[in-house]
Amino acid sequence: MATTATLHSHAPQGFIRKYIFSLDHKVIGLQYFFLALTAVWVGMFLSLLMRIHLVWPTASLPLVGEIRPEMYLSLLTMHGTIMVFFVLTTAPQGGFGNYFLPIQIGAPDMAFPVLNMLSFWTTFVGFVLILAAFFVSGGAPLHGWTGYPPLSAVQSAGPGEGLGADLWIASIAIFCIASLMGALNFITTTLDLRAKGMTLMRMPLTVWSWFITAILGLLAFGVLLSAGILLLMDRNLGTSFYVPLIVVNGQILGHKGGSPLLWQHLFWFFGHPEVYIAILPGMGVTSQVLSTFSRKPIFGYKAMVYAMLSIGFLGFMVWGHHMFMSGMSPYSAFAFSLLTMCIGVPSAIKTFNWLGTMWKGRIRFYTPMLFAIGFVSLFVSGGLSGPFLAQPVLDIQLHDTYFVVGHFHLIMGVAAIFGIFAATYYWFPKMFGRMMNEGLGKAHFWLTFIGTYAIFMPMHYLGMAGGTRRYSQYTEVAYLQKLMPIHSFMTYAAIITIASQFIFVINLFWSMFKGPKASDNPWESTTLEWTTATPPPHDNFGGRTPVVNHGPYEYGVPGTAKGFIMQNDPASTPAH
Amino acid sequence: MGFALLVIIWLITFGSAYFFIAKTWWLPVGAAAAAHWIDGQFALTYVLMGIVFFAAQLSLGYIVCKYRERPSSGPVEYSHGNTTLEVVWTILTAVLFVGLNLMGSSVWASQRFDPAQPGAVPVEVTGMQFAWYFRYPGPDGKYGATSVKLMDPSAGGEAAVGLDTSDPAAKDDVVTGTMFLPVNREVDLSMRSVDVIHSFFVPSLRFKQDAVPGLNIHMHFTPNQIGDYEIACAELCGLGHYKMHGMVKVVSQEDFDKWLAAREAEKQ
Amino acid sequence: MATFIPSSPVAHEQLGRGGGVTEPPVRGGGDDGQGDDGSDYVGRLRRARLGVAVAIAAVVMIFVSLTSAYIVRQGLPTFDSPSSSYVRDWGEVSLPLALFMVNTAVLLISSLTMEGARRSITRQSALAPVRSIPGVSLGEEWRFPWLGLTVVLGIGFLAGQCLAWSELRRRGFFIPTNPNSSFVYLFTGVHAIHLAGGVVALLWAGLTSLLHKPLESRRIVIDVTAWYWHFMALLWIYVFALLQFAR
Chain A
4 MATTATLHSH APQGFIRKYI FSLDHKVIGL QYFFLALTAV WVGMFLSLLM RIHLVWPTAS
64 LPLVGEIRPE MYLSLLTMHG TIMVFFVLTT APQGGFGNYF LPIQIGAPDM AFPVLNMLSF
124 WTTFVGFVLI LAAFFVSGGA PLHGWTGYPP LSAVQSAGPG EGLGADLWIA SIAIFCIASL
184 MGALNFITTT LDLRAKGMTL MRMPLTVWSW FITAILGLLA FGVLLSAGIL LLMDRNLGTS
244 FYVPLIVVNG QILGHKGGSP LLWQHLFWFF GHPEVYIAIL PGMGVTSQVL STFSRKPIFG
304 YKAMVYAMLS IGFLGFMVWG HHMFMSGMSP YSAFAFSLLT MCIGVPSAIK TFNWLGTMWK
364 GRIRFYTPML FAIGFVSLFV SGGLSGPFLA QPVLDIQLHD TYFVVGHFHL IMGVAAIFGI
424 FAATYYWFPK MFGRMMNEGL GKAHFWLTFI GTYAIFMPMH YLGMAGGTRR YSQYTEVAYL
484 QKLMPIHSFM TYAAIITIAS QFIFVINLFW SMFKGPKASD NPWESTTLEW TTATPPPHDN
544 FGGRTPVVNH GPYEYGVPGT AKGFIMQNDP ASTPAH
Chain B
4 MGFALLVIIW LITFGSAYFF IAKTWWLPVG AAAAAHWIDG QFALTYVLMG IVFFAAQLSL
64 GYIVCKYRER PSSGPVEYSH GNTTLEVVWT ILTAVLFVGL NLMGSSVWAS QRFDPAQPGA
124 VPVEVTGMQF AWYFRYPGPD GKYGATSVKL MDPSAGGEAA VGLDTSDPAA KDDVVTGTMF
184 LPVNREVDLS MRSVDVIHSF FVPSLRFKQD AVPGLNIHMH FTPNQIGDYE IACAELCGLG
244 HYKMHGMVKV VSQEDFDKWL AAREAEKQ
Chain C
617 MATFIPSSPV AHEQLGRGGG VTEPPVRGGG DDGQGDDGSD YVGRLRRARL GVAVAIAAVV
677 MIFVSLTSAY IVRQGLPTFD SPSSSYVRDW GEVSLPLALF MVNTAVLLIS SLTMEGARRS
737 ITRQSALAPV RSIPGVSLGE EWRFPWLGLT VVLGIGFLAG QCLAWSELRR RGFFIPTNPN
797 SSFVYLFTGV HAIHLAGGVV ALLWAGLTSL LHKPLESRRI VIDVTAWYWH FMALLWIYVF
857 ALLQFAR
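Taken in sequence, the protein lines are chains A, B and C.
Position in the first sequence (from 1) plus 3 gives the number in this note's numbering.
Position in the second sequence (from 1) plus 3 gives the number in this note's numbering.
Position in the third sequence (from 1) plus 616 gives the number in this note's numbering.
It is worth saying that the hints were derived from the structure and are not from the lab.
Glycine is no exception: its CB is placed at the ideal position from the N, C-alpha and C atoms.
Treat the hints with care, as some may be off.
What the hints assert, rightly or not - If you want the footprint, here are the derived chain B segments under chain C, 3+ residues with CB under 8 Å:
#1 104-116
#2 149-156
Said to hold, decoys possible - Derived BS3-like pairs (lysine-lysine); straight-line CA-CA distance at most 27 Å:
#3 Lys69/B / Lys363/A
#4 Lys363/A / Lys199/A
#5 Lys485/A / Lys145/B
Whole structure, please, built from the sequences with the hints as guidance.
This is how it looks when you write it as structure tokens:
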């Protein structure tokens with residue numbers, strides 16, 4: 004058919020065109036996925052070193068030797084940067100979004116396949132650069148993933164703040180460009196390539212989440228890019244955007260008049276939408292999986308869409324809640340605080356709707372479902388510490404303590420990761436044509452669910468007791484020394500939980516080659532990817548164009564032979 | 004599996020809540036006038052969020068168990084939602100969150116919207132990699148000029164903050180490494196930084212504020228219990244961030260006057 | 617615990633792989649099908665235009681954030697310890713107005729030539745069906761080199777900006793001289809980088825002609841580059857106005 008032909012010529016031949024510089028969104032999606040998988044193991048290794056150092060500061064570890072305080076801060080900086088960018092912004096959107104957005108809307112590929120390929124390889128270059136920072140003279144930067152100047156703007160402010168910091172900025176800038184390219188593709192594809200009958204309000208919630216995430220990325224990453232350019236200029240060209248007149252290591256520096264708060268405003272204007280970029284796809288997957296495995300339509304589809312739209316929109320108006328203690332005007336703080344509490348409302352609606360989806364359903368506890376249920380629990384736990392932090396008067400006590408670290412780890416470091424796990428277990432059969440092992444999957448779930456609660460829940464107690472964050476050790480302040488038992492507990496929990504992730508990796512790779520073969524729709528799911536072959540052919544639908552007649556979550560429909568309706572079943576099949 | 008989920012989720016809920024309720028590790032005892040209001044708002048938030056936490060987690064556990072698929076399970080309830088319910092719980096949530104926020108805002112306003120009262124004890128706090136210095140303006144009530152050109156952190160004291168001793172107002176300025184304060188009097192802080200962003204955090208006094216280079220930030224609080232309170236830097240400032248430690252000693256007015264007089268005398 | 621049950625072969629048939637298919641390729645957005653061979657050029661053009669509009673939104677955000685940095689940096693005072701007071705240090709810059717005005721004119725003219733190129737190739741592609749009727753000849757008309765002229769003018773603008781920068785240096789304003797001068801270089805530099813990207817796109821458009829790519833493909837490239845190019849002109853006017861009037 005001419006439609007598919009114009010977007011796609013024949014399937015590529017040759018190893019390079021097929022696997023390296025592929026233009027096929029499915030291959031690119033897998034490339035992003037495996038990049039994120041590599042990044043997450045690097046990030047976990049860094050956090051393991053951090054947790055060990057906190058409890059045994061003078062220990063000498065294999066491979067890395069003794070971890071000095073500045074090295075701890077480098078580990079911390081790189082852990083945050085790698086996890087936020089190369090895992091949480093890469094796997095859900097670049098990985099699963101790339102693979103499944105076109106198929107779920109009935110398209111043969113993304114709107115701009117060449118741009119898609121370029122966006123992956125640009126991300127890859129960014130990843131190489133960030134890793135390179137470890138190996139240059141001075142090592143990786145120590146200014147935290149948030150990179151506040153003047154610490155990040157002044158080469159002499161600490162080890163790693165030389166070339167390492169420049170590489171860090173360059174890597175992030177390149178990542179910004181890659182993300183903007185990806186966002187362009189996602190938005191154009193969603194708006195323009197939907198199959199006939201796939202109206203906006205029939206799109207699966209996964210598609211909505213990728214679409215809204217792309218809009219957030221489009222509007223936010225440019226701001227981070229600007230912030231980074233200004234920082235590079237302050238560092239290397241002698242400008243004073245962020246740096247006032249300061250004395251570092253006994254030297255009066257040549258800057259004057261700059262505002263450290265300017266960086267914070269620019270960074271967090273990006274940074275807050277970024278955390279919604281990290282979580283929205285996980286919310287989309289959770290909705291999809293909960294509905295499929297409860298055999299019930301999603302409760303309140305429209306409300307779910309509006310909730311995600313509100314979260315995205317409000318997400319741009321709350322950045323100041325990261326800056327309550329920064330010296331910002333207290334009146335601004337009040338405004339940001341009120342808006343932040345408002346953003347809790349759509350999040351709560353989504354939680355109620357997830358519960359409503361499972362209510363009076365018939366729940367099947369396959370591994371994807373376990374991770375989706377886990378997502379809901381973790382999202383509640385992580386989300387409820389938000390109202391504490393959103394109130395500036397309480398933030399006085401809690402800012403820059405482990406309370407914040409616990410909050411964002413439960414949401415980003417666990418719930419969002421559970422979204423990635425749910426997506427992996429759910430879509431693995433479609434991507435690889437085989438089933439993952441259920442027993443290993445369940446073991447992975449239980450160890451990770453309990454383990455991550457064990458690591459991150461105690462951080463709230465630590466924070467309330469005044470346990471400050473980004474401290475390489477608690478040995479110098481008397482009241483902190485008393486809190487060490489919490490750190491010890493968390494470190495043991497971390498060791499066990501990280502070890503449990505081997506179960507996932509083993510299951511993943513083993514099943515790819517040796518898992519039992521999967522049928523086209525093993526989960527009896529209704530969205531378009533399950534109507535095509537497993538794995539999907541090069542143009543996704545084998546030369547045919549789907550026509551959509553139904554909404555995305557028609558499960559438990561009375562009067563149907565099989566109890567559910569695929570999105571492209573004939574229109575005469577009962578229901579909406 | 005459904006039952007296992009219920010058990011584990013309920014156990015995690017009760018287990019984590021236990022440590023919150025038992026206050027095993029909790030806010031340190033408040034030694035400032037604002038602590039009463041801040042801790043009150045804290046308690047309100049924590050009770051309300053605690054109720055939501057229990058309600059959400061326990062119902063999640065219950066639902067996944069009750070509606071697990073069994074041979075005896077009836078058909079699902081084919082439903083796309085319930086608009087009335089959506090509207091109701093949206094409004095309730097909004098009222099809860101916004102109401103909570105507005106209540107906390109009045110405490111925030113009282114802490115931060117107004118400057119210190121006249122008669123407050125003026126102290127300037129200067130953060131630098133990796134120590135805190137405190138300057139008292141002395142009997143003339145004016146801080147003397149400082150200059151980066153005169154800074155010598157290794158010399159400590161006046162040289163660390165770059166005090167310009169030629170300025171007449173600087174003659175009676177006292178610079179120390181420990182902060183002494185008289186109990187039950189408001190403190191008018193001026194917060195500065197010499198190099199990077201630091202943050203002056205005294206958990207017992209319920210006080211935290213970033214010290215930003217290029218700014219001179221005014222804040223106030225009122226200590227109301229005699230004692231020694233640790234300062235922990237609360238903004239990543241470099242490799243010595245973990246040991247940027249200091250002490251606030253709250254003493255009686257009499258002891259404070261004696262201490263300050265002794266420091267002034269040393270300057271002669 | 618339920619064991620996994622693969623779908624039955626019967627369920628397979630009902631899985632809709634055979635359902636809702638074998639209809640003509642009607643697109644979700646509605647294809648008016650003006651391509652003479654039914655190929656999706658109208659769709660591709662629409663898609664490409666949508667893509668460039670989205671890209672422009674991203675570039676707008678970069679300049680919005682630079683503008684807010686400009687305003688904030690201009691307005692925020694810094695604490696001066698010797699005088700114990702807040703001072704502003706924005707500074708003055710003597711802009712090379714004559715050079716900027718000439719460059720503005722060059723860029724605006726290039727927008728006209730760009731539009732000429734766009735309309736020319738639109739006309740060509742409209743006439744292509746006529747041309748392809750055997751026996752019909754419209755003659756080989758000499759086409760005005762709109763595209764080439766636009767490239768020359770675009771490169772001319774960039775050269776003019778380089779001259780403006782050296783004039784600034786001659787007047788003693790370098791990147792770190794004062795915040796005002798830093799922003800002058802920053803805004804004009806970031807704009808120039810984006811414009812250079814547009815020049816590369818134009819060169820690519822020219823190359824597609826030499827490589828005898830299909831007319832419609834070339835038309836799409838020139839069309840979207842034209843919209844981007846016009847945006848670059850508007851952006852330049854904005855930057856110039858900001859630096860001149862908001863200092």
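Unsatisfied constraints (hint numbers, rising): Per hint list: 1, 4 and 5 violated.
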